[in-house]
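*Asks:* Residues per chain are reported as follows:
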Amino acid sequence: MAIVINGIEYPLPDDVRISLLDLLRERLGLTGTKLGCNQGGCGACTVIVDGARVLSCLTLAVQADGREVQTIEGMAAQDGQLHPLQESFIEHEGLQCGYCTPGQICSAIAMVAEFRRGDPSYVTADLARGPNGVTRQEIRERMSGNLCRCGAHNGIVEAIEEMLAGGVA
Amino acid sequence: MRPFDYRRAADQTEALSIAGAGPARYLGGGTNLVDLMRQNIEAPAALVDVSRLPGTIADTPNGGLMIGAAVRNNVVAAHPAVRTRYPMLSRAILAGASAQIRNMATVGGNILQRTRCAYFYDAAGSCCNKREPGAGCDAIDGFNRYHAIFGASEHCIATHPSDMCVALAALGATVHLAGAAGERSVPLLDFHRLPGDHPEIETVLRPGELITAIELASSPAAANSRYRKVRDRSSYAFALVSVAAGVEVAAGKIADVRIALGGVAPKPWRATTAEGVLRGQAPTKARFLAAADAELAAAKSFEGNAFKIELAKRTIVAVLGELTGADA
Numbered sequence: 001m002a003i004v005i006n007g008i009e010y011p012l013p014d015d016v017r018i019s020l021l022d023l024l025r026e027r028l029g030l031t032g033t034k035l036g037c038n039q040g041g042c043g044a045c046t047v048i049v050d051g052a053r054v055l056s057c058l059t060l061a062v063q064a065d066g067r068e069v070q071t072i073e074g075m076a077a078q079d080g081q082l083h084p085l086q087e088s089f090i091e092h093e094g095l096q097c098g099y100c101t102p103g104q105i106c107s108a109i110a111m112v113a114e115f116r117r118g119d120p121s122y123v124t125a126d127l128a129r130g131p132n133g134v135t136r137q138e139i140r141e142r143m144s145g146n147l148c149r150c151g152a153h154n155g156i157v158e159a160i161e162e163m164l165a166g167g168v169a
Numbered sequence: 001m002r003p004f005d006y007r008r009a010a011d012q013t014e015a016l017s018i019a020g021a022g023p024a025r026y027l028g029g030g031t032n033l034v035d036l037m038r039q040n041i042e043a044p045a046a047l048v049d050v051s052r053l054p055g056t057i058a059d060t061p062n063g064g065l066m067i068g069a070a071v072r073n074n075v076v077a078a079h080p081a082v083r084t085r086y087p088m089l090s091r092a093i094l095a096g097a098s099a100q101i102r103n104m105a106t107v108g109g110n111i112l113q114r115t116r117c118a119y120f121y122d123a124a125g126s127c128c129n130k131r132e133p134g135a136g137c138d139a140i141d142g143f144n145r146y147h148a149i150f151g152a153s154e155h156c157i158a159t160h161p162s163d164m165c166v167a168l169a170a171l172g173a174t175v176h177l178a179g180a181a182g183e184r185s186v187p188l189l190d191f192h193r194l195p196g197d198h199p200e201i202e203t204v205l206r207p208g209e210l211i212t213a214i215e216l217a218s219s220p221a222a223a224n225s226r227y228r229k230v231r232d233r234s235s236y237a238f239a240l241v242s243v244a245a246g247v248e249v250a251a252g253k254i255a256d257v258r259i260a261l262g263g264v265a266p267k268p269w270r271a272t273t274a275e276g277v278l279r280g281q282a283p284t285k286a287r288f289l290a291a292a293d294a295e296l297a298a299a300k301s302f303e304g305n306a307f308k309i310e311l312a313k314r315t316i317v318a319v320l321g322e323l324t325g326a327d328a
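Chains X and C, in that order, give the protein sequences. For the first sequence, the positions run 1 to 169 when our numbering is used. For the second sequence, the positions run 1 to 328 when our numbering is used.
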């Protein structure tokens with residue numbers, strides 16, 4: 001049993017109670033992913049598994065057997081160049097304390113793929129046609145699973161808006 | 001979290017065989033069960049992971065749709081056939097939880113998710129007959145803003161939290177099951193039980209039985225359908241009241257109508273009284289109001305949730321107005 005995290009293969013823990021979040025933070029030292037509510041309410045622990053954003057706190061590590069996991073540690077390029085969305089978060093001050101930021105960034109990067117695939121959201125007017133352009137309302141709805149207690153949401157939405165408009169990621 | 005055995009099943013036969021060997025719970029995405037295990041509200045001796053069973057969405061010979069139980073919620077919501085032929089289902093799923101949770105949660109797990117009643121979750125400090133039969137219900141005289149106005153009992157007034165199931169109730173979905181004694185199917189409307197004297201028994205599932213698929217019939221009312229959810233914040237919150245409805249109007253009369261309510265009962269609540277008032281009649285706002293009044297006449301509220309009666313009426317009228325264009 002093994003799991004691939006940011007391109008590197010790791011063995012799964014023997015104790016099946018270990019969550020993917022605890023595996024990352026406590027066993028592998030990948031502390032970029034954050035522990036928030038630990039019950040699926042805040043999104044701070046968001047990671048990307050096989051291309052889909054999920055909550056690592058509610059995922060048993062054993063459930064990710066054979067999957068490819070991307071965490072915030074894997075978003076920058078090999079030479080240390082930040083992901084364009086990370087740059088955009090800095091530019092638009094999409095953070096204050098920074099605790100929710102790794103989850104916000106992982107969530108938004110996977111969200112862009114959902115958006116470009118044409119997946120609808122609850123606020124998409126025409127379900128059959130899919131989202132009609134990038135609107136703040138669409139971004140806010142699609143990012144509602146990531147809370148920011150500092151209230152940096154406006155900067156977060158602007159950072160994502162810029163990324164979507166710029167065609168990156 | 002208490003220790004448990006974990007096995008992953010590759011297919012249905014293996015899942016049934018593992019579950020048949022001893023007490024076990026099936027694990028889908030884990031978004032509800034893992035949380036309940038962490039809180040020590042559920043402590044299964046074994047988990048049988050069925051989240052990697054083949055999950056497909058396929059047309060049925062009679063023009064309906066068969067959705068595998070292991071299909072993730074977001075995949076159902078984004079599927080072209082669901083978006084065009086069952087829009088209320090797509091919209092209901094998208095109204096629930098967050099994108100991350102919808103990416104994890106399976107159809108079978110969504111149907112089996114347990115109430116979000118705060119007293120059910122508060123194992124350390126509250127009485128709950130669902131969690132501990134005979135302990136009492138702290139919600140009845142407690143903070144019951146989120147609780148039921150239909151179908152409750154003196155032992156439990158918790159609501160079923162699913163949005164998806166409200167659409168499935170309106171669509172008259174069929175739940176396909178497999179167990180040691182073979183396969184059977186149950187209408188979704190009969191799948192969940194009302195609490196009565198045994199709020200701890202929530203469904204008609206037999207020990208070891210597995211949900212394998214849900215089946216939807218085709219209809220013009222399903223294609224002309226909507227879901228509206230009213231909640232304390234505009235996203236990522238459970239329903240105070242939700243309405244799934246589909247209407248077919250022919251020659252100026254309502255030929256077919258299906259309405260189900262969420263956030264108001266221990267199970268997805270099919271509004272059959274309202275449907276009876278509407279069927280065969282011209283779609284007018286006055287008729288929608290009469291239908292909503294008739295349905296809510298049987299509601300019984302508690303100190304904190306009397307507002308749900310008026311809210312449910314207005315939401316029914318609004319959704320029917322949008323669907324028919326009558327007095328919208």
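Simulated from the structure, these hints should not be mistaken for lab results. Because the structure is a prediction, the values reported are computed rather than measured. Errors might be hidden in some of the hints.
Mimicking SDA-like on lysine to any residue, the simulated pairs with C-alpha atoms at most 25 Å apart in a straight line are [said to hold, decoys possible]:
| # | chain 1 | residue 1 | chain 2 | residue 2 |
| --- | --- | --- | --- | --- |
| 1 | C | K253 | C | G276 |
| 2 | C | K313 | X | C37 |
| 3 | C | K313 | X | V123 |
| 4 | C | K285 | C | G304 |
| 5 | C | K300 | C | G136 |
| 6 | C | K285 | X | A125 |
| 7 | C | K300 | C | E154 |
| 8 | C | K300 | C | R228 |
| 9 | C | K253 | C | S218 |
Derived coverage of chain C by chain X (criterion: at least 3 residues anywhere in the stretch with Cβ under 8 Å from a Cβ of chain X; other residues may be distant) [said to hold, decoys possible]:
| # | region |
| --- | --- |
| 10 | 94 to 108 |
| 11 | 174 to 188 |
| 12 | 257 to 267 |
Note that CB positions come from ideal geometry on N, CA and C, so glycine has one too.
*Asks:* For each hint, tell me whether it holds in the structure or not.
*Replies:* Taking the hints in turn, this is what the structure says about them:
Our distance criterion of 25 Å between C-alpha atoms is met by K253 (chain C) and G276 (chain C), whose separation comes to about 13 Å. A threshold of 25 Å between alpha carbons decides the hint, and for K313 (chain C) with C37 (chain X) the separation of about 36 Å lies outside it, so the pair is violated. In summary, the hint linking K313 (chain C) to V123 (chain X) is supported, as the alpha carbons are separated by about 23 Å, within the 25 Å threshold. Distance hint between K285 (chain C) and G304 (chain C) is unfulfilled; the C-alpha atoms sit about 29 Å from each other, more than 25 Å.
A threshold of 25 Å between alpha carbons decides the hint, and for K300 (chain C) with G136 (chain C) the separation of about 20 Å falls inside it, so the pair holds. As the CA atoms of K285 (chain C) and A125 (chain X) are separated by approximately 23 Å, the hinted pair is consistent with the 25 Å bound. A C-alpha spacing of about 12 Å is found between K300 (chain C) and E154 (chain C), which places the hinted pair at or below 25 Å, so the restraint holds. Annotation: proposed proximity of K300 (chain C) to R228 (chain C) holds, straight-line Cα distance about 22 Å (limit 25 Å).
Restraint check for K253 (chain C) and S218 (chain C): satisfied, since their Cα atoms lie roughly 20 Å apart, inside the 25 Å limit. Here's how the region 94 to 108 of chain C fares: 9 of its residues keep a CB closer than 8 Å to some CB of chain X, so the rule of at least three is met and the hint holds. A count of 0 residues in the region 174 to 188 of chain C with a Cβ less than 8 Å from any Cβ of chain X is obtained; the coverage claim is therefore unmet, three being the minimum. Look at the region 257 to 267 of chain C against chain X: 0 of its residues bring a Cβ nearer than 8 Å to a Cβ of that chain, fewer than three, so the hint is violated.
Of the numbered hints stated above, those contradicted by the structure are hints 2, 4, 11 and 12, listed in ascending order.
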